[in-house]
Amino acid sequence: MSPRRTEQGGRIDRARTIRFTFDGAAYSGHPGDTLASALLANGVSLFGRSFKYHRPRGVLAAGVDEPNALVTILRGEAREPNIPATMVEIHDGLVAESQNRFPSLSWDVSAVNQLAGPLISGGFYYKTFMGPIIGPLKGTRFWMVCERFIRRAAGLGRAGTVPDKARYERMNAFCDVLVVGAGPAGLTAAKAAAEKGARVILADLEPRLGGSANWSGEVIDGKPAAEWAAAAVNDLRAVDNVRLLPRTTVWGYYDGNTLAALERVSDHKQHPAKGEPRHRQWTIRAKTVVLATGALERPLVFPGNDRPGVMLAGAAERYANEFGVLPGQKVAVFTNNDSAYRAAHALKQAGAAIVAIIDVRADISADMLDFAGKAETEMLPGHAVVAAEGGRKLTGIKVQRFDAASGTVSGEPRSVAVDCLLMSGGWSPAIHLASQAGAKAEWNEALQAFLPPKPTQKWTGAGAFTGAFSTDEAIEQGHAAGLAACSAGRDHFDAPAIEAAPGAPGSEPVFEIQVTGKSFVDFQHDVTAEDVRLAHREGFVSVEHLKRYTTLGMATDQGKTSNVPGLAIMAAALGKAIPQVGTTRFRPPYSAVSIGSLAGERHGDLKPERLTPMHDWHIANGATMYSAGLWWRPQIYGHAGETVEQAYVRETKGTRGTAGIVDVSTLGKIAVQGPDAAELLDRVYTNMFSTLAVGKARYGLMLREDGLAFDDGTTWRLGEQDFLMTTTTANAGKVMQHLEYFLDVIWPELKVTITSVTDQWAGAAIGGPNARAILAACVEGTAVDNAALPFMGIVHGEIGGVPVMICRLSFSGEMAFEVYCGADWGTHVWETLMEVGKPFGLVPYGLEALGTMRIEKGHVTGAEIDGRTTARDLHLDWMLSKKKPFVGSAMMDREGLVAADRLQLVGIVSLDNRPLNGGAHIVEQLDEENPHGSIGHITACCYSPSLGKYIALALVEGGKARHGSRAFTSDPLRGRFGPVEIVSHHFFDPEGSRMHG
Amino acid sequence: MLITCPYCGPRDLSEFTYQGDGNRQRPAPNSQDLDAWNAYVYDRQNPAGDHNEIWQHSGGCRIHIRVVRNTLTHAISSAVPVRGHHGGKA
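Protein sequences, first through last, are from chains X and F.
In terms of our numbering, the first sequence opens at residue 1 and continues consecutively.
In terms of our numbering, the second sequence opens at residue 1 and continues consecutively.
None of these hints come from the bench; they were simulated from the model.
As the structure is a computational prediction, the values presented were derived from the model and not from experiment.
Beta carbons: idealized from backbone N, C-alpha and C, even for Gly.
Certain hints may be false.
To be verified - Label-pair distances were calculated between CB atoms; the ranges are:
no., chain 1, residue 1, chain 2, residue 2, range
1, F, G60, X, G964, 51 to 59 Å
2, F, D21, X, G733, 16 to 24 Å
3, X, T643, F, Y42, 45 to 53 Å
4, F, N30, X, A693, 42 to 50 Å
5, F, N30, X, D927, 47 to 55 Å
6, F, T73, X, A599, 47 to 55 Å
7, F, Q45, X, A599, 35 to 43 Å
8, X, R585, F, D21, 26 to 34 Å
9, F, N30, X, G964, 38 to 46 Å
10, X, S28, F, G59, 51 to 59 Å
11, F, G9, X, R585, 32 to 40 Å
12, F, Q32, X, L926, 40 to 48 Å
Claimed, not checked - Which chain F residues face chain X? A few, computed with CB under 10 Å, are given here:
no., residue
13, P6
14, T17
15, P27
16, N38
17, R66
18, S77
19, A79
20, V82
To be verified - Below, simulated DMTMM-like cross-link-like pairs (lysine to aspartate or glutamate); rule was C-alpha separation at most 20 Å, straight line:
no., chain 1, residue 1, chain 2, residue 2
21, X, K607, F, E15
22, X, K751, X, E835
23, X, K287, F, D33
24, X, K734, F, E15
25, X, K882, X, E679
26, X, K274, X, D92
27, X, K883, X, D676
28, X, K287, X, E412
29, X, K883, F, D33
30, X, K458, F, D12
31, X, K882, X, D866
32, X, K398, X, E412
33, X, K751, X, D722
34, X, K751, X, E798
35, X, K734, X, E780
36, X, K960, X, E831
37, X, K196, X, D235
38, X, K274, X, D164
39, X, K882, F, D33
40, X, K734, F, D21
Isolated chain X (complex conformation) (with noise of 0.2 Å):
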């Protein structure tokens, strides 16, 4: 016999039949179904096979806790492995597969691994694969080899590997009170706080909001339970400070009352909605949590409870109250406490002959005895189940006498044929958020079960959440806390009549029955009680340990039934009481989270594009881009059929031969304005500024707090108490963020504003012999002459009608000027200048050009500049002034940082006339098969055409005393050896007569 539909009942929708696929067969199913239950429906025991010995498996649970009943969803090529099918609903035209089985989940030819169980025990990997095994293949690389194999064998579902083309999208809400879980305590908590105005969200991972009203068979109010959370439910969505969440798991709980909630939006649907996304991540800030998240019922521990057949007693009670199907026909029930007989009598009224109840206490109540009666079964108490017996499905039991005081069994064992087997170890109640929260889980030994502690955080439990698991307490509760999370004081509460199903919430401490045969606690990760104790015969006593070495818990269900098992096998293990030996901390997630809702729509390339204000015109007259932090800047401007290196040699020779242009708009610029300015940059920069006259500009270099060397540019001083710095493009961000630090938090008296104008201003160096004469043909209102524009003199004036400002300095080495304008008015500057200097040959450059004639000077930039230099390692000494202290000056002089062995500037020429590569180490003695004795590396390299010669820049040890001497580079990734020269990095006109004219 098999699980089949049963007659009537349940709340799924009959009139409507959805078709969808499990492992290529037709399967059909009802609206309201999930996978799980729509697939007993039609008489499927068997949903795949084990982690570890390949067991046959069938389904355990009926909801968020399934172990066992893993699938695959396939999205069109995408698949998504690890889904419990308990969590999935069907749809028309829904594919999904079992896992974990070769070639078949009927015959799967790695059950064998069941025969070679006993050596496939905990800790078998580390064992066998991390240990001193001798030879070649020892310990980690003998690992690395089988796991590949291993991996293949054991384990759940594959992954995918084409892109996920599903969109996601991610949600901020803010509200006063979050209520999770909508069952009784979750809908009565909801409705309290909306009725005194609060705004409230209402999370549920089911589908159906209502929770245990669902199938509880209860009667609230008159109407079935399911009737009466249905009638909540419509009243909540009723009013508009209610948001209602289904299918909503609230995963993470976090500080500040900050919660993670993944919302699955369209994948019981077989066509999304326009524009719908697949999932929804939401940040929920509230600023009271109602935890009304349940509790999990625990399986017993006994040899075959693993059988597809053996399930849960609440779980069969759902299957056939909510959704109509009948887990079995000739049920047994093995139960520790009250709440089984209530399935028990569930499943009898839903058409299910109930064979026997076994219960491990001795004396059973009255009222359970009554609801047995009801039942019309045999009651077996004080007795236990020590077999489950039957391959992929469940054929028949075997009972023995049982003495929960001893947990010894006595007795000859009776066999009884059942096809079904309901078992019920208590309940645990579903504290993951509350311990997430910051606060330790508290063992209640009349419960047997973790209750959630006092809060750390602004959070009210109610209902079985709190371990008080009658419904009637759960809707007291719930009321109770709707109000206490808006602060409302308690009033009159018309508590409805509730007519219950009898029984104790308490459990007898009975976990495991221990008799021989294999007997799981942890289904998913295939961890045997037998493991648990190995564990701790090989020394582990921490809990955290167990778990890590056995894997415990650390399967995709994050031992939602497995934790308090174990820990109880570990704790008669270790002759100790469950608190002694405590529980480990729950984690975010409670479940699963797609990685997609996650990223949202940030994937791809999110980095924004800063463009020049010339960005159009570089693009247009065919500059080549090139990425400089977030900046697209032109690397050249190439001419067909050019070479990288052919385009700058070209731009270089035009600047230094008649005159260059090169968009300097990306520089950093800040205003730096006060009475107090001059005072501000005589502190930061390491050289004087106060001196400086209006209308001059001056380089400034600035140090770190620790003396290292930080960054370097031009500072003009447009008035008295008007500054306008200059900083290098990368560090922009990073010197305005230094200099407010200073200004906020060291030197608050400085009467200092400072402001960052990068992208007010465009900006264009021109430079070269003609540079002047082209400026001289095109300027208006000012003379730019040597007496009117003087070395790092500043004019004002206007270019094609547009006033600018130009300062005269050259960083290319050449006699040049940066002509600043008004950002709107950049290309139109640009142009002009580039037409007026065509007849002088202007040729516009890019970064390779700049670069190439920067090294040629032996200018610094970040790459020297690089966190690790000094001053004096850049021969910047010269720049620091003894009049005053600044940033940096004390520290500066340490022993470490003025040692003659310090990597310093050098300049290098390659000797065989071969490029030399950036990053390349500098090494005294070639040794090309086991490169070593680095005493530098290069920072810069270029083809110089002032030289005729590969160069760079390097930091060498010892520098300048190197001067002269030869060396090699050597680059084993790139294989390029070779001969090098150390010189000067001064390399092309070290006087600089050019820029002085």
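Based on the hints, put chain F in the right spot on chain X.
Coordinates of chain F only, in the frame set by chain X:
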């Protein structure tokens, strides 16, 4: 974590930049006391409990805020502009 910017109100952590231990004492600019400089540059307090920290509202108004944050619970008991709230810090 939310930090209540004195100007902008409660804002998400992602808008802020941690700017270090607020207990650090910067020596006088011309001080030659290297131990004091070392302590300022490198030593950080790491209490289990209330910690005096400097945060910048870098994704907002950009002011620096002196925040007292409990490192065990992340509870913030005070957030005031650093300017005007020195507590004798140099």
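Going through the hints against the structure:
Separation of G60(F) from G964(X) is about 55 Å and conforms to the stated range, judged on CB atoms against 51 to 59 Å. At roughly 22 Å, the beta-carbon separation of D21(F) and G733(X) lies within the given 16 to 24 Å, and the hint holds. For T643(X) paired with Y42(F), a C-beta distance near 49 Å keeps the hint of 45 to 53 Å intact. In this structure the supplied range 42 to 50 Å is violated for N30(F) paired with A693(X), their Cβ-Cβ distance being about 26 Å.
Here the CB-CB span from N30(F) to D927(X) is close to 50 Å, well matched to the stated 47 to 55 Å. For T73(F) paired with A599(X), a C-beta distance near 30 Å fails the hint of 47 to 55 Å. A beta carbon spacing of about 37 Å between Q45(F) and A599(X) agrees with the range 35 to 43 Å that was offered as a hint. For R585(X) paired with D21(F), a C-beta distance near 29 Å keeps the hint of 26 to 34 Å intact.
Our hint of 38 to 46 Å for N30(F) and G964(X) holds, since their Cβ atoms are close to 41 Å apart. Judged by the Cβ atoms, the range 51 to 59 Å given for S28(X) and G59(F) holds: they are separated by roughly 54 Å. In this structure the hint that G9(F) and R585(X) lie 32 to 40 Å apart at CB holds, the actual value being about 33 Å. For Q32(F) paired with L926(X), a C-beta distance near 46 Å keeps the hint of 40 to 48 Å intact.
Annotation: interface hint on P6(F) violated; nearest CB of chain X at approximately 12 Å, more than 10 Å. For T17(F), the interface hint holds, the least distance from its beta-carbon to any beta-carbon of chain X being 7 Å, beneath 10 Å. A distance limit of 10 Å between C-beta atoms decides the matter here; for P27(F) the minimum to chain X is near 7 Å, and the interface restraint holds. Taking 10 Å as the C-beta contact cut-off toward chain X, the hint placing N38(F) at the interface holds, the least distance being around 8 Å.
The beta carbon of R66(F) is positioned within 10 Å of a beta carbon in chain X (closest approach about 9 Å), and the interface hint is therefore held. Using the Cβ-Cβ criterion of 10 Å, the hint placing S77(F) at the interface with chain X is not satisfied: the shortest such distance is roughly 13 Å. Interface hint status for A79(F): violated, as the beta-carbon distance to the closest one in chain X is roughly 13 Å, over 10 Å. The criterion of a C-beta within 10 Å of any C-beta in chain X is met by V82(F), whose closest approach is roughly 5 Å, and the hint holds.
Note on K607(X) and E15(F): the hinted pairing holds, with a Cα-Cα distance of about 17 Å set against a maximum of 20 Å. Note on K751(X) and E835(X): the hinted pairing is violated, with a Cα-Cα distance of about 44 Å set against a maximum of 20 Å. At roughly 49 Å between alpha-carbon atoms, K287(X) and D33(F) are farther apart than 20 Å, so this suggested pair is violated. About 16 Å separates the Cα atoms of K734(X) and E15(F), which keeps this hinted pair within 20 Å; it holds.
Proximity of K882(X) to E679(X) is assessed by CA-CA distance (about 16 Å); at most 20 Å being required, the pair is judged to hold. For the proposed pair K274(X) and D92(X), the alpha carbon gap of about 18 Å is at most 20 Å, so the pair holds. Distance check on the hinted pair: K883(X) and D676(X) sit about 18 Å apart at the alpha-carbon level, within 20 Å; holds. At roughly 60 Å between alpha-carbon atoms, K287(X) and E412(X) are farther apart than 20 Å, so this suggested pair is violated.
For the suggested pair K883(X) and D33(F), the alpha carbons sit about 18 Å apart, so the restraint of at most 20 Å is met. Annotation: proposed proximity of K458(X) to D12(F) holds, straight-line Cα distance about 18 Å (limit 20 Å). Between K882(X) and D866(X) the CA atoms are separated by roughly 24 Å; this puts the pair beyond 20 Å, and the hint is violated. For the suggested pair K398(X) and E412(X), the alpha carbons sit about 10 Å apart, so the restraint of at most 20 Å is met.
Between the alpha carbons of K751(X) and D722(X) the distance comes to roughly 12 Å, so the proposed pair stays at or under 20 Å and holds. Restraint check for K751(X) and E798(X): the C-alpha separation of about 33 Å exceeds 20 Å, so the hint is violated. Of the pairs offered as hints, the one joining K734(X) and E780(X) is violated, with about 37 Å between alpha carbons and a cut-off of 20 Å exceeded. Of the pairs offered as hints, the one joining K960(X) and E831(X) is violated, with about 44 Å between alpha carbons and a cut-off of 20 Å exceeded.
A hinted pair counts as satisfied when its Cα atoms are at most 20 Å apart, and K196(X) with D235(X) qualifies at roughly 14 Å. Under the criterion of a C-alpha separation no larger than 20 Å, the hint pairing K274(X) with D164(X) is consistent with the structure, at around 17 Å. For the given pair, K882(X) sits about 17 Å from D33(F) by alpha-carbon distance, which is consistent with the 20 Å threshold. Between K734(X) and D21(F), the direct Cα distance comes to roughly 19 Å. Compliance with the 20 Å bound is thereby established for this hinted pair.
Checked against the numbered hints above, the structure violates hints 4, 6, 13, 18, 19, 22, 23, 28, 31, 34, 35 and 36; every other hint is satisfied.
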